[in-house]
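In the order they appear, the protein sequences are chains A and B. If you're matching positions, the first sequence starts at 1 in my numbering and goes up one per residue. If you're matching positions, the second sequence starts at 1 in my numbering and goes up one per residue.
The reader is advised that the hints may include incorrect statements.
Stated by the list, open to error - To list a few chain A residues with every Cβ distance to chain B over 12 Å, as calculated:
#1 L12
#2 A33
#3 I173
#4 T247
#5 V249
As the list claims (entries may be wrong) - Pairwise CB distance ranges, derived in the manner of DEER restraints:
#6 R186/A - D93/B: 26 to 36 Å
#7 R85/A - D123/B: 49 to 59 Å
#8 T65/A - R6/B: 32 to 42 Å
#9 G95/B - D21/A: 56 to 66 Å
#10 L282/A - R68/B: 27 to 37 Å
#11 V194/A - Q151/B: 31 to 41 Å
#12 G53/B - G191/A: 20 to 30 Å
#13 A2/A - D93/B: 21 to 31 Å
#14 M1/B - D21/A: 15 to 25 Å
#15 S29/B - S248/A: 15 to 25 Å
#16 D243/A - Q151/B: 54 to 64 Å
#17 R6/B - N41/A: 26 to 36 Å
#18 M254/A - L92/B: 48 to 58 Å
Claimed, not checked - Example chain B residues on the side facing chain A (calculated, C-beta under 7 Å, incomplete):
#19 Q15
#20 L33
#21 E37
#22 G53
#23 R56
#24 K57
#25 A64
#26 L118
#27 A128
#28 G131
#29 L133
Calculated directly from the structure, the hints in this document are not laboratory data. Don't be surprised by glycine CBs; every beta carbon is placed ideally from N, CA and C.
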Amino acid sequence: MAVKNYLYAETLQQALDSISDEEICSQLISGGAGVADQIRNGYLDCDQLVDITRIPEMKVAQVVTQNGESYLKLGSALTLNQAARLEQMETLFPLLYDVLTQSSDPARRNAFTLGGVLATKIPAGMLFPALCALDSKLVLARKDSTSVIFVEDWMKSVLQEEAFIITAVLVPIRPVPVWRMKDVKRRMHPGEIVAGVLVLAEALRDGGLDNIRVYATLDQYGLVTFEGIPSLHKQSLTKEKIDDYTTSVETHLMRWGTDADAAYRRKVVRTLVNRCLAELFLPVLKEPL
Amino acid sequence: MKIHFRLNGSLVERQIEPDQFLLDVLRNSFEMLGVKEGCSIGECGSCSVLVDGELRKSCIMLAAQVERCDVVTIEGVAGEDGGPNDLQQAFLDHGSVQCGFCTPGMVMAGEALLSENLAPSRDEIREALSGNLCRCTGYQQIITAVEDTAQQRRSALEEK
Numbered sequence: 001m002a003v004k005n006y007l008y009a010e011t012l013q014q015a016l017d018s019i020s021d022e023e024i025c026s027q028l029i030s031g032g033a034g035v036a037d038q039i040r041n042g043y044l045d046c047d048q049l050v051d052i053t054r055i056p057e058m059k060v061a062q063v064v065t066q067n068g069e070s071y072l073k074l075g076s077a078l079t080l081n082q083a084a085r086l087e088q089m090e091t092l093f094p095l096l097y098d099v100l101t102q103s104s105d106p107a108r109r110n111a112f113t114l115g116g117v118l119a120t121k122i123p124a125g126m127l128f129p130a131l132c133a134l135d136s137k138l139v140l141a142r143k144d145s146t147s148v149i150f151v152e153d154w155m156k157s158v159l160q161e162e163a164f165i166i167t168a169v170l171v172p173i174r175p176v177p178v179w180r181m182k183d184v185k186r187r188m189h190p191g192e193i194v195a196g197v198l199v200l201a202e203a204l205r206d207g208g209l210d211n212i213r214v215y216a217t218l219d220q221y222g223l224v225t226f227e228g229i230p231s232l233h234k235q236s237l238t239k240e241k242i243d244d245y246t247t248s249v250e251t252h253l254m255r256w257g258t259d260a261d262a263a264y265r266r267k268v269v270r271t272l273v274n275r276c277l278a279e280l281f282l283p284v285l286k287e288p289l
Numbered sequence: 001m002k003i004h005f006r007l008n009g010s011l012v013e014r015q016i017e018p019d020q021f022l023l024d025v026l027r028n029s030f031e032m033l034g035v036k037e038g039c040s041i042g043e044c045g046s047c048s049v050l051v052d053g054e055l056r057k058s059c060i061m062l063a064a065q066v067e068r069c070d071v072v073t074i075e076g077v078a079g080e081d082g083g084p085n086d087l088q089q090a091f092l093d094h095g096s097v098q099c100g101f102c103t104p105g106m107v108m109a110g111e112a113l114l115s116e117n118l119a120p121s122r123d124e125i126r127e128a129l130s131g132n133l134c135r136c137t138g139y140q141q142i143i144t145a146v147e148d149t150a151q152q153r154r155s156a157l158e159e160k
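Chain A on its own, in the form it takes in the complex:
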């Protein structure tokens, strides 16, 4: 199907009306890289492209308060570079700043938008693990309603039936001290990140670590989460508990199957996870148990 029209939406409602119109098959375009890929591969199937980059609220970056919690609200049409360059980003969210500036090469960071990468769920470096680790949320607008969903839940969700637009990303502003470790595999230095692991833990006052969360990202396959990992506390930490921990991570990885592709993915992620966990456990193990 050839694209017959290109609409520069000026308001969110205009964009929502366009994509909800059952008479015309419309597709959103923001940075354009995803649409370009669809055209090159011959599977762009719509009558109309709806450009949402000229809608002012889609480019907003401001601190907002919702249900008593403060968030940095990032309009979904902001490119990854625009988000990284925000005044608040480096100071409030050093982790997010770090992953945004390393998410791809400069030209593609100027092309990829927050909404675009989240809508397609195609990884951009370590962006998805970082957004999940920060408990970020997405604002989804539909023709007659708006909803908010955690990025982590969004990444695991299936295709939405009703037409929607991701209008913003909400990143909670929380001064929570966390221990973090990031390890990545790049195509070449300082090239694209093809796989990465992010491990976060709350550092307890007594030196223990709690609420350990492990996220991985893998080129083409998207976000990998490891659920049900127990808390580890210094006072109760034993060699057996660490073994149990690494075994539960391995169990997650084994769910990918046994074919050669799964084995390769497992090998890459396992290496990165184990390197991060070694960093996490070593300082604790150095002291007598």
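Start from chain A and add chain B according to the hints.
Leaving out everything else, chain B in the frame of chain A:
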């Protein structure tokens, strides 16, 4: 559909298809043949241009997206006399050009960096050029050319 934009300083308009790539419009409708088509999937950077001052790959961008934007191609960075500008001259002086196919994209990426940072480290230059592939030079001479131009522009600013 018709689009209007500024191309290398001049206001232009063209009739295009809604799904036409910027790369194709620049090369075929405006004869900007310095914008090279390499991989066509945003990997090699040989089609790099500046859109509103930001580095973009014109093979993964639709022409319709540049409506009312300011587009600069390699043809727009030449010196006032039409000869190479200081960065292009540095490429020549440092042997940064072999087959030359990647050179326009490399120069555009270099210009994008220097417009923001006139004192880049070699690592920062390497990062700025990380979306541009060169299969001839091994990159070192290209990095040196950008580094040298940054120094020249800094000196020129200090003299003023």
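Quick rundown of the hints versus the structure:
no.: 1; hint: L12; verdict: 19 Å, holds
no.: 2; hint: A33; verdict: 5 Å, violated
no.: 3; hint: I173; verdict: 27 Å, holds
no.: 4; hint: T247; verdict: 38 Å, holds
no.: 5; hint: V249; verdict: 31 Å, holds
no.: 6; hint: R186/A - D93/B: 26 to 36 Å; verdict: 31 Å, holds
no.: 7; hint: R85/A - D123/B: 49 to 59 Å; verdict: 19 Å, violated
no.: 8; hint: T65/A - R6/B: 32 to 42 Å; verdict: 41 Å, holds
no.: 9; hint: G95/B - D21/A: 56 to 66 Å; verdict: 57 Å, holds
no.: 10; hint: L282/A - R68/B: 27 to 37 Å; verdict: 56 Å, violated
no.: 11; hint: V194/A - Q151/B: 31 to 41 Å; verdict: 35 Å, holds
no.: 12; hint: G53/B - G191/A: 20 to 30 Å; verdict: 24 Å, holds
no.: 13; hint: A2/A - D93/B: 21 to 31 Å; verdict: 48 Å, violated
no.: 14; hint: M1/B - D21/A: 15 to 25 Å; verdict: 19 Å, holds
no.: 15; hint: S29/B - S248/A: 15 to 25 Å; verdict: 59 Å, violated
no.: 16; hint: D243/A - Q151/B: 54 to 64 Å; verdict: 56 Å, holds
no.: 17; hint: R6/B - N41/A: 26 to 36 Å; verdict: 32 Å, holds
no.: 18; hint: M254/A - L92/B: 48 to 58 Å; verdict: 57 Å, holds
no.: 19; hint: Q15; verdict: 13 Å, violated
no.: 20; hint: L33; verdict: 20 Å, violated
no.: 21; hint: E37; verdict: 12 Å, violated
no.: 22; hint: G53; verdict: 10 Å, violated
no.: 23; hint: R56; verdict: 6 Å, holds
no.: 24; hint: K57; verdict: 5 Å, holds
no.: 25; hint: A64; verdict: 4 Å, holds
no.: 26; hint: L118; verdict: 17 Å, violated
no.: 27; hint: A128; verdict: 6 Å, holds
no.: 28; hint: G131; verdict: 3 Å, holds
no.: 29; hint: L133; verdict: 10 Å, violated
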